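K.L.:
This is what each chain is made of:
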Amino acid sequence: PLSNFSSLFHSVFSPTGSHVEWCKQLIAATISSQISGSVQPDIGSRDIKDTGVNSRPSHTSVKMFQNQVPLLPGETIQTTVKDVMYICPFSGLVTGTLTITDYKLYFISVEKDSPFILDVNLGVISRIESISVPNQGENNKGLELVCKDMRSPRFAYKMEESQPDVVEVLTKHAFPLSHSLPLFAFLYKEQFPVDGWKVYDPAAEYRRQGLPNESWTISKINSTYELCDTYPSILVIPTNITDEDIKRVAVFRAKHRIPVLSWIHPESQATIVRCSQPLVGPSDRRCKEDERFLQIIMDANAQSHKLTIFDARQSSVAITNKGKDGGYESESFYSNVELNFLEIPNIHVMRESLRKMKDVVYPTIDEAHWHSFIDQTHWLEYIRLLLAGAAKVADKLESGKTSVVVHCSDGWDRTAQLTSLAMLMLDSYYRTLRGFQVLVEKEWISFGHKFAARVGHGDENHANSERSPLFVQFIDCVWQMTRQFPAAFEFNELFLITMLDHLYSCLFGTFLHNSEQERANQEVPAKTVSLWSYINSQPEDFTNPFYVDYENHVLYPMVSPRHLELWTSYYARWNPRMRPQVPVHQTLKDLLILRAELQRRVEELQREASSHSLSSSSDHSPTHTAGTPLHTAV
Amino acid sequence: MLTGSKTTFKVRQMLPDIKERMLSQSGVNARSRDLFGLRCLPGECVLQRAVMVRKKLTAREGRGWLSGTLFCTHFRVAFVPQDSPKPDDNADPVLLGDHDVALASIEKVVVVGPNRTKLVTPHSSLKFTPEELVLYCRDMRVVCFLFDRLTPESQVLEMTYSIAKTYQPPKPGSVLSFQNAALGSVEMKQFLSNRRRDAHMNWFESASDWEQELERCGATSWRVSSVNDRFEMSTSLPRFIVVPQKVLDTELKKSFAHFNEGRIPRWCWRHPRGSDLLRMASFQNNIYHEKDDIRNLEMILFGCQSSLCVVVELGEELPSPADIQLAHSRLRALCLGDISTSMSVPDDKWLSTLESTHWLDYTRSCLRKASEVACLLRGGHLTVALQEVEDRDMSCVVSSLVQVMCDPHCRTMYGFQGLVQKEWVMGAHRFYSRINYHRDNDKEEAPVFLLFLDCVWQLWSQYPSRFQLTEDFLLALHDSVHLPLFSTFLANCQRERCKRSQNLGQCYTPVNGWRDVLHPDSSTDPSDPPLPPVWDWSLQYSKPRQSRFTQPVPPTPPLQPLLNGNLNTNPDKHRLTDAVPGSVFLLSRGTFSCPTNLLPWRSSSSSSSGVYKKSHRRALSSENVPGLERLLKAWALVEYPQALTSTSGPQGPLDPYEPLLPLLMGPCMGLWRECYLRGALHAQAFSHPLSANHLHPVERLAQEVQQLKDKLEQVSTSTDPTPPAVTAEPRRADTNLNQNTNNGTFLFPASRPQSAGVLRAAPPPTSANQRTSRGAPATSAPQSRPAHKDMGGSSKHTFLFGHSSVIDAHPDQRYYSASSNAKLPKSNGPSLAS
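Chains as they are written, first to last, in the working numbering: chain A, 1 to 634; chain B, 1 to 834.
These are calculated hints, taken from the structure and not from any lab test.
Values in this document were obtained by computation on a predicted structure and should not be read as measured data.
Positions of the beta carbon are idealized from the N, C-alpha and C atoms, including for glycine.
Don't take each hint at face value.
[To be verified] If you only want the chain A side, here are some residues facing chain B, beta carbon under 10 Å, derived:
{"hint": "1", "residue": "Val169"}
{"hint": "2", "residue": "Thr171"}
{"hint": "3", "residue": "Arg355"}
{"hint": "4", "residue": "Tyr362"}
{"hint": "5", "residue": "Pro363"}
{"hint": "6", "residue": "Asp366"}
{"hint": "7", "residue": "Ser372"}
{"hint": "8", "residue": "Phe373"}
{"hint": "9", "residue": "Asp375"}
{"hint": "10", "residue": "Leu594"}
{"hint": "11", "residue": "Glu597"}
{"hint": "12", "residue": "Gln599"}
{"hint": "13", "residue": "Arg601"}
{"hint": "14", "residue": "Val602"}
{"hint": "15", "residue": "Glu608"}
The following block holds chain A by itself, in its conformation from the complex (with noise of 0.2 Å):
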């Protein structure tokens, strides 16, 4: 077994093993992934990058088709093209075929050595606009799909009286909700070993905070949803309040969204409340219950006497708000209450924001101005703001053993940002891989964030306003996070990428629809799968391999603009320029096979030392286990 040992060193390090096979599939990956990224994670070209050595037992049973165009189970193709021409902005012009299914618009080139392919999946595609092609012969009709993230690959084709325009096939299944039929989501039957829908139990999640306890109780209040449509049916409310007055307080807080518990401090029970901005009007209306309901909240934590109510709103904003009959709390009201504002604009600034970012980062980057473009988009400046507001609740919570309450005007947007990061910063539980599911699934999807209208998920109104990239932000920043304290994530960044891919992909059910309720009603947990159950069908490839559980550690990110970064892996991830220079992702896995493997060669040997020096005379030999050849596995 030991001779392995040296073909170890061989396989890893030297030229001739398994090092000028992940080369190949670098490179191979590299091209088919030209434009789907060398991170994307759409399961299809995923696979076709993995068919190199590793053929791991393959979950995505994907079946090639005429035209290699792999399809997902429940999967069709709509139509099929000829002689299209993508127009790559970096490399020119590539003649090949498309394919558009129900799912996704699939090219492949066979003109050079090795195949160019491009994979877009059709959630991606914000808004589908003819160009005019002059001077490319017969492919005349030109079509740009701008997508939501971040690209806008452009191809050039000829029209066949024939066949049914391209433009009309994409358009029906890139918007299906605009043309009556389901997302793909509901078509895609695929079967994972591990159900996703599983894991988030909202009982098990606040059993895990140590809830009940004698201040908060479970309450079953909204379980029609009747209390609050866009609420969970499961909340933590203070044990003594009766629901009568529960009531009149949905009446004075905007869509019926009542303080409730997000977390609470296992040590100091200070508390994350959320909410939407009180009903205070240019009136200023009082709420005698309201009062009462945050002075419940204030005394369930015996270590403080105060409480701090966070407006993500700038306030001017919340003045205004009063006007339009919304508004803050006011401090004369309510005893013993501090209000802060955060300063954090709205969903409209953000989605301008990340606007501008698209045409600094594709498709061309520009060298010389990159640094003053990126400032003039504002969105680090926005995840700063971002990031310290998250930075000050945690502290009041940490530090200052002091309850608070977070609002934005409706509770949905800003407030999950806040109250999410919050939590990731003092609960190392959702730092993992499964807690961050939780998180997400808890503050994010439970809690109500219009996913659907943020998103547009399969609308062709893609100048809808109620659109923007809340999620986009919240990851981003989480991104940020895991830069400064890389050992405190069990996830990676790989993890980020494919939950944003997914947020758009409509292949999962897990970000369809605004509320729970929707959900319920859609049955979208029984009729589609979830992202979770895909992740954790394979976790290895989501993991951190730095992960240290660095359990009850605060983690506070440096919020200056100079340690911020731009995620470019995510955003220009379109550039073939931007690529990194060295593997990172498959040097680390080949240190971590190599380093597995001199560990069990570690302990087999100590156990062997230590089976001669305690019985020199034992005659039973350490049995072996033949060392596994190295390169199979990488």
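Chain A is fixed; fit chain B onto it per the hints.
P.N.:
For chain B alone, coordinates are given in the frame of chain A:
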């Protein structure tokens, strides 16, 4: 002692009388050495002391605060943390402790009081008691001390005044007094003169050093010439230069006049594919070219390549020293932030302001030029001559960057040090003028070397696993540049260094005591202390910190056998070698041309002989340009990876001599945060229990692999003394084991010192062996999880990434004894290596 120091404090006014002061202090040495836990250097004297002071720790140090005692001597501001181990008087002196700041590197002293900040000058008086003392350093560190309420107020004020008065004011002479404060004592001089030069690196001082390099590169048709032995040919060139074998010294002598400062084309490096890198100054144009001269000049320039020479003009596309100086001062202003002027850049303008410093543009242009040269060299069988007017600034940058890109040896610590010796120290970069220690020559000041370090860092950050040296090493070098103590940086050329050390033979032959004046006519002050080279890291850094200068890397496969000195693997070779002998091209702005006046002797028609005229004319037809352009294009293709397959086979990216070509797009050029943003103390709103650990993941994993390998060795030694009575089976295992240890060199170069770099967390082999053989008690099992907000996760056991729990449950866990963890340096913080 403190009363004594008061008097020394006044001595400042008597500065000229250094000798007397030194003598007066040497008497008290024995007692002053161990003063309140501070280990003084010989002759060093404490001017002021303040107790119960806290030092703010940077992210790299683990963040938070450290309490201890603050000292001000006439050499440094020293901070001794509470509970730090008692200094060992017998250990070799270390100039600066981990928390110390040399006075010479302090640029500004600022105090923060209640609601206000004040810049403290030697003459200012304070109307409030400072709560915080902030030292802004030239190396872009910002060191911050907090005075507790427990610190006696008088100590706070005295300390502030002491530092303000003693830190080096920017004027000549103060550098000398600083050097004397550090190195001037008799003991220190004695100590320095007994130090040996590190034999691991090539110093490029003797002819044999150069020959060794020629041999390493396989450059067979070159020779070392001592024609400049007494600096008579060129004052700035080193004593030994490398020239083509076929050129005789007598022929060589006539060529010096044709180049600015006599800096003729000299060999720097040979690419394994048989191309040579040369550098030279600009041509002297107003000189008559004799026929013989021309023959010699052509021979020198073409070196061993008969066919093709590309002259790379460095002036146009690269920043001038003045540009670099301006950019760097802007960068400093931006990154340091300054609480005394509250002139910090608004958050939303940070990136734009960074861009407008042009610092990143300049690193990009250097890297781009070096990439072009690297691609040309890769083509094989040509000579690339870097030409700069003076050949002392950007040619140092580009020639050494090319070698870092192409030569894995130059990415090791010793190799890199040799490279700096070769291209910068011997290449006569004007360190002394460019760094401007005396602040008396602002016009010449330009941190060209720091720009080079930034370029190397850019390469390092894009190819972390291809470097044996680490970011810590680059940082240490960066910081050392700002200390006026090292012979490496305190001269402009070898001649000056030799003059200073009063020994023509070697730059660093320490003088045996300052009274021993060998050359009374020497211009230098006889009391000058001997200056060490910067490479003597033990003078500056403790062993644990030095161990972080390197990381294990996969070994470089040895050069494949050379065929006639050339490696015939170049696909483009035939296209280039069919060139007319003597073709010369100019590379400028990414295009090749052959202007008639490129080689002045060729353009002057009167003197050109028939032979050269003929070849000259044919070369003018530019028929080689496409071939050359293809070489450059290979680089562009790298930027579009999908095209890689067609140009280079599967071996392409794996060839260790393939250049590391950096990505140069805006997002790919990073700011060296670890260096320039160390001082951004005010960026943070909270104190932090955890630090962002900045070891690169690959670095960390590699360290673990190395640790495991060493453990294997340990275990193998512990099994060695197995009684011979055991069965055959284990004995077989033993032999295999030894084989393993040998095979271990597969993984990492055997020359690597066994414990360097990686073994921070590993126990010393002997003690581990003892533990293993004895069978440590169960109490030494890994500790449980770190407590709430524990400073760093240092109580985690050694192999923790992800799979640690498996080991936890393993019966052999006693091996990972807790005591080995206790040795972890604090700065490891939450690192994975802990």
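K.L.:
If a hint holds in the structure, say so; if it does not, say that too.
P.N.:
Comparing the hints with the structure gives:
1. Val169: violated (28 Å)
2. Thr171: violated (30 Å)
3. Arg355: violated (18 Å)
4. Tyr362: violated (12 Å)
5. Pro363: Proline 363(A) check fails; min Cβ-Cβ to chain B is 13 Å, beyond 10 Å.
6. Asp366: holds (7 Å)
7. Ser372: Cβ of serine 372(A) sits 4 Å from chain B, so the hint holds.
8. Phe373: At 8 Å from the nearest chain B Cβ, phenylalanine 373(A) passes the 10 Å test, so the hint holds.
9. Asp375: It holds, given that the least Cβ distance between aspartate 375(A) and chain B is near 4 Å, below 10 Å.
10. Leu594: holds (6 Å)
11. Glu597: At 9 Å from the nearest chain B Cβ, glutamate 597(A) passes the 10 Å test, so the hint holds.
12. Gln599: This hint holds: glutamine 599(A) lies near chain B, its Cβ roughly 6 Å from the closest one there, short of 10 Å.
13. Arg601: holds (6 Å)
14. Val602: This interface hint holds because 5 Å falls under the 10 Å limit.
15. Glu608: holds (6 Å)
In this structure, the earlier hints numbered 1, 2, 3, 4, 5 are contradicted, and the remaining ones agree with it.
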